[in-house]
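These protein sequence lines map, in sequence, to chains A and B. Using our numbering, read the first sequence as starting at 1 and increasing by one per residue. Using our numbering, read the second sequence as starting at 1 and increasing by one per residue.
The hints are simulated quantities; they were obtained by calculation from the structure and are not laboratory data. Treat each hint with caution, since some may be false.
Said to hold, decoys possible - Label-pair distances were calculated between CB atoms; the ranges are: (1) B/SER64 with A/LEU98: 40 to 46 Å; (2) B/GLN37 with A/PHE167: 23 to 29 Å; (3) B/ARG42 with A/ALA168: 23 to 29 Å; (4) A/ASP169 with B/SER53: 55 to 61 Å; (5) A/ALA121 with B/SER52: 29 to 35 Å; (6) B/ASP92 with A/VAL193: 18 to 24 Å.
Unchecked claim - Non-contacting residues of chain B with respect to chain A, defined by C-beta distances greater than 10 Å in every case (computed): (7) ARG19; (8) GLY25; (9) VAL35; (10) TYR36; (11) ARG49; (12) GLU67; (13) ALA82; (14) SER120; (15) PRO148; (16) GLU215.
A virtual CB, placed ideally from N, CA and C, is assigned to each residue, including glycine.
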Amino acid sequence: MAKKQVNPTDEFIKGLWRDNPVFIQMLGLCPALAVSNTAINALAMGAATTFVLVMAGLSVSLLKNFIPREARIVSYICIIATFVTCVDYAIMAISIELHRALGAFIALIVVNCLILGRSEAFASKNKPHIAVMDGLGMGVGFTVALLFIGVVREVLGSGTLFGVDLFADGFQTWTVMVLPSGGFFAMAIWLLVVNWIRQRQEKADKQTSEQTGEAAS
Amino acid sequence: MNTPAPPQQKPTTVWQMYRSIVGIGAFCALLIVSVYQGTSARIADNRARFLSSAIEEVLPAVRSTVEVSLDESGSLVAAAEAADLPAYLGYDENGDLVGAVITARGMGYADNITVLYSYSFELQAIVGHKVLESKETPGLGDKVELEPHFLANFEALDARLNEDGTALANAIVTVKEGEKTEAWQLDGITGATITSDAIGSILNQASSYWLPALERDARDFQPPQSIEE
């Protein structure tokens, strides 16, 4: 692989859109579908995952010369599990109600392929500050994606947003949206939108390059 | 794993493996222990606050509680240690007994449901309920926490004992929505049949266990000196 110049800001931005973990890379879908039934759950899950991503990226990057190749997966999992446990305690210390709402999914951050994937594929090959920016970008991208799904599901399924009633009493809630299947619906709609925008963008890019090509010739 | 290691890499010695795994393990253990130590007081505090707010919700007059349990002979005693499914006697600000708060668990549709409910000695009825833990389907099974007509069951759900005071006079059961005719019946929820049935059987089971002893002993029960807030 050719050595290319890495810019911390680029590493942050790519997680938001170009390599968005949920909408583009399709990683970490289990929590994205399961705990996005309300916006606040989505936000909390995203924040917890971001913290673990950043801390795991930092640790893996700092320890990259210390961890032998053969023992890397077990080392990474151990590091990730430690930070997840810390987050678990922290959330319990902040609010028992929130901990109840997130349920088993906090512990399952350990096996979120997004975190192991970034540690293995990126943090173990890059400098600590670059790895932190990558973790932060991926984490924020993940949070935004969860929030998008969560907002749609909460507004349609419960008629509320962040727990605040949006509609008058006449609104018939779409119960299906807070059920698991609602997660798939909301996810599919957002994928449609994201892919449509990307396609338009690519077409526009192609046209501009053709035009500049013609102008040059 | 299929990609061969870069040629310039030296073979890993056992010591390097040992060093990294033990080192990381020790560091992680240290981190977890320190975070646990740092947060355990607040977590215990939060748990206690959550429970007391839940108790206040089901029995608003309560100012202090004392946890109780049944000894081998079935008499009411102060609990020696916190039980998995505790029951509490609730006292108002004058120290008068106002009711009992009981936690109970039973199988729902998806998993066990844990509920907290209150019993009024004056009315001999169940006067409040709150689901503490459930994994019931959102939008359907969780209606037992939200549906107004279901919650109306707990204004005064008859839980009188029979003449000997050994068992409930009428078993608490859930009936189909709109078919409630007796004070000891729970008006069920269409669409959450299994969950609302489960609530009925949980209440029936826990009440059969606790209420005979509570009715017999609670009024004469001497709360220990240290009543927790």
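Evaluated hints:
Range check, B/SER64 to A/LEU98: about 28 Å between beta-carbon atoms, so the 40 to 46 Å window is missed. At roughly 47 Å, the beta carbons of B/GLN37 and A/PHE167 sit outside the given window of 23 to 29 Å. As the Cβ distance of B/ARG42 to A/ALA168 is approximately 40 Å, the hint placing it in 23 to 29 Å is violated. Distance hint for A/ASP169 and B/SER53: a CB-CB separation of about 28 Å, inconsistent with the stated range 55 to 61 Å.
One distance hint, 29 to 35 Å for the beta-carbon pair A/ALA121 and B/SER52, is violated here, with the actual separation near 48 Å. Between B/ASP92 and A/VAL193, the C-beta spacing of about 57 Å breaks the proposed range 18 to 24 Å. At roughly 8 Å, the least C-beta separation between B/ARG19 and chain A is not larger than 10 Å, which violates its mark as non-interface. Consistency note on B/GLY25: stated as away from chain A, yet its beta-carbon is not over 10 Å from all of that chain's, at 6 Å minimum.
With a closest Cβ-Cβ approach of about 4 Å to chain A, B/VAL35 is found to fall inside the 10 Å limit, against its non-interface label. The Cβ of B/TYR36 sits about 6 Å from the closest Cβ of chain A, inside the 10 Å cut-off, so the non-interface label is violated. Taking the minimum C-beta to C-beta distance to chain A, about 8 Å, the non-interface status of B/ARG49 is violated against the 10 Å cut. Even its closest Cβ contact with chain A, about 19 Å, leaves B/GLU67 beyond 10 Å, as expected for a residue assigned away from the interface.
Every beta carbon of chain A lies more than 10 Å from that of B/ALA82, the smallest distance being close to 16 Å; the non-interface claim holds. Against the 10 Å criterion, B/SER120 stays outside the reach of chain A, whose nearest CB is about 27 Å from its own CB. With a least CB separation of 12 Å from chain A, B/PRO148 remains clear of the 10 Å interface cut-off, as annotated. The beta carbon of B/GLU215 sits about 33 Å from the closest Cβ of chain A, which is more than 10 Å, so the claim that it is off the interface holds.
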